[in-house]
Structures are given as structure tokens and as C-alpha cells.
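There are 2 protein chains.
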Amino acid sequence: MRKTKYDVMPEIKRRFANRAIREQTVPWETLEALAEAASLAPSCFNEQPWRFLIATDERKEKLLATLTPQNQEWAGKAPALVLTAAKKTFTQGGKNNRWYMSDAGCAAGFFILEAERRGLVAHPMAGFDRAAAQEAFQLDADLEIVHVMAVGYPGDPSLLSERNQARNHPNTRKPLEDILL
Amino acid sequence: MRKTKYDVMPEIKRRFANRAIREQTVPWETLEALAEAASLAPSCFNEQPWRFLIATDERKEKLLATLTPQNQEWAGKAPALVLTAAKKTFTQGGKNNRWYMSDAGCAAGFFILEAERRGLVAHPMAGFDRAAAQEAFQLDADLEIVHVMAVGYPGDPSLLSERNQARNHPNTRKPLEDILL
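In order, the protein sequence lines correspond to chains A and B.
To convert, take the position in the first sequence, counting from 1, and add 14; that gives this note's numbering.
To convert, take the position in the second sequence, counting from 1, and add 14; that gives this note's numbering.
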């Protein structure tokens with residue numbers, strides 16, 4: 015558990031980039047519940063630009079193949095991979111939505127904390143082949159992929175590679191004064 | 015309180031774009047605690063691209079002046095306005111960070127839910143003069159403003175204008191099937 019200066023929501027305090035995920039199925043309803051939690055995030059003009067591709071079984075294998083080998087190694091154990099995408103334009107009027115990425119990121123934050131509350135890990139990854147993932151699922155050109163999350167129950171860190179074991183702990187953070195303007 | 019299909023974190027369920035904010039000071043420590051909660055969000059290469067400008071008193075008046083008149087009307091009562099910004103480039107190497115906006119949005123999500131947990135409102139707004147805010151606080155060109163949040167304790171909705179009273183309730187959401195790919 016992280017040390018914080020202030021009292022902070024336990025889900026936020028506990029969360030870290032956990033790579034140790036058990037090979038145990040997560041019920042579809044639970045995965046949907048995470049997406050529902052995400053869907054309640056705020057968004058500019060209530061556009062709700064976020065989209066989630068919950069990949070299990072065959073779709074998981076397809077999405078897994080687009081990850082870097084380093085990510086495949088540990089994320090392959092996760093029973094689900096979830097691709098987050100953001101719709102670039104407003105549905106009404108079709109203009110570019112300047113907040114598509116920040117709003118989708120906020121929704122992903124809600125997803126991740128709801129996962130934590132339910133004793134699950136949702137670990138976002140930037141290491142994947144964007145074009146390959148877009149192609150594999152024939153994603154609309156108006157959707158931009160944000161990240162791919164590995165989702166599952168926490169597992170035994172001793173099953174990770176030595177390198178991943180060594181870094182399977184909360185990362186440090188900048189001191190508060192460095193992020194306050 | 016929203017109706018949801020699944021059991022969802024109470025902070026997520028309760029949150030909505032509340033415009034009714036009391037004119038009551040929020041202790042500085044509490045505002046800092048929200049930024050600390052935000053700082054624990056995940057980010058690509060642990061860059062932590064988020065920055066928060068917590069504006070109270072004189073700085074609040076300066077930031078308030080950059081909001082649209084419609085937002086000034088209700089957000090002016092909030093004891094604090096918080097500008098969220100995102101650093102466009104990686105500190106190591108200086109390359110563009112493709113995740114700067116989504117990571118800052120995720121951190122804002124953590125900020126908003128920690129506020130909710132503490133019985134506070136943190137309401138992000140897109141209606142402000144971006145150039146004027148950048149200028150007023152001499153923000154570095156490498157920082158892009160995400161939004162401005164009105165932060166304070168919930169107040170009496172009867173003090174809002176008729177128009178704002180009428181819309182001071184949770185917005186609807188797309189059905190889950192519309193956001194699942």
C-alpha cells in the first residue's frame with residue numbers, strides 16, 4: 015500500500031501497475047459492470063466519447079497478438095483484455111471534440127477504480143501495435159485507441175519473470191509541489 | 015442517485031454535474047488531498063503529465079474571468095477553481111507523449127471521485143477562454159489546458175437560476191450496448 019500525505023480513497027491508495035494476474039475467468043457481468051462504472055464519467059456536452067472492447071476467449075487472443083512481446087508475457091494470463099477507444103468527433107454536428115481523449119481517460123479511471131473496489135486488477139498498457147489492433151477489429155476511423163487494459167484477479171507474483179517480479183510494486187510519484195502550478 | 019444495472023462504487027453512482035455549490039471555504043489541505051489522489055493515477059512511462067492549478071482568492075477571480083458568462087454565473091460561488099493541464103512531451107527525451115490527455119483525464123477522474131468521497135463537488139467545465147487562461151497564469155507552452163473544475167461543498171439548488179435548477183440532475187447515459195465494441 016502506498017504512503018500518502020493525506021487520507022485518500024482506499025481504491026486509489028491500493029491501485030498500482032500490478033502485472034501478477036491469475037488465469038481465472040472473470041464473469042462477463044463483472045466486466046460489464048466495470049464498463050457501466052466508466053460510462054458514468056463526466057464528458058463534454060455529455061458526448062460519452064468512450065468505447066470499450068471487452069475481449070475474452072477468441073477476441074482476447076486476437077487482441078493479445080497486437081501487444082508487445084514484453085506485455086504479452088504477463089498480460090497473456092489475464093482472462094480479459096479491454097481496449098479503450100475514444101470517438102474523435104461530436105455526434106451532433108460532427109466537429110472535432112477537443113475533450114475526446116481526456117474524457118475517455120477519465121472514464122478509464124472510473125473503470126480502473128471500480129475494478130479495484132471489486133478486488134480486480136485493470137492495468138492499462140501503452141505497448142501495442144495501434145494499426146494492427148485497429149485493423150484486427152475493423153474499428154471505425156473516427157475511433158482512436160487509448161490503451162489496452164489487462165483485467166483479472168491478482169495472482170502470485172512468483173509466477174512473473176524475475177524482471178517483472180522486481181518491478182511489481184507501486185511506482186514512486188513526483189512530490190506534490192511538482193504537479194501544482 | 016442514478017439507477018444502474020450493476021452495483022457500482024457509491025462515489026461514481028452519486029456524482030453528477032452539480033452546479034449548486036456553497037460559498038464556503040474548503041481548507042487548502044483538502045484541496046491538496048484531491049491533487050494527491052489524482053497524482054496516484056497510472057500514466058505512460060510514469061510520466062505523470064498532469065498539473066493542477068488550485069485557484070482560491072485572487073487567483074480564483076483571475077481564473078473565473080476566463081470562464082464563459084454561463085459558467086461564471088454558478089461557478090463563481092465555488093471557493094476554488096482548479097485548472098487541469100497536461101504536459102505534451104515526455105520529460106525524458108522530449109518526444110510527444112501520445113497519452114498526455116488521456117492520462118491527465120484519468121487523474122482528473124481520481125480527483126473528482128476523491129472529492130465525491132469527501133462530500134465535495136468537483137465539476138469540470140469546457141466553457142472557458144483557453145488562450146486567456148494560458149496567458150493569465152503564464153502557463154508553459156508545453157502545457158495544454160484540459161478543463162477548469164469548480165470545487166466546493168454542495169449547496170442549495172434553489173439559489174441557481176431557473177435554467178440551471180431545471181438541469182441540476184444526473185444526465186442520462188447511452189445504453190451499455192452503445193459503448194461496447
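Hints listed in this document are in silico derivations from the structure and should not be mistaken for laboratory results.
Do not take every clue at face value.
[Stated by the list, open to error] Partial chain B-side listing against chain A, Cβ under 7 Å, derived:
hint, residue
1, M15
2, K19
3, Y20
4, R65
5, T103
6, Q106
7, C120
8, F124
9, L173
10, K188
Beta carbons: idealized from backbone N, C-alpha and C, even for Gly.
List, from low to high, the hint numbers that the structure doesn't satisfy. 1, 5, 6, 9
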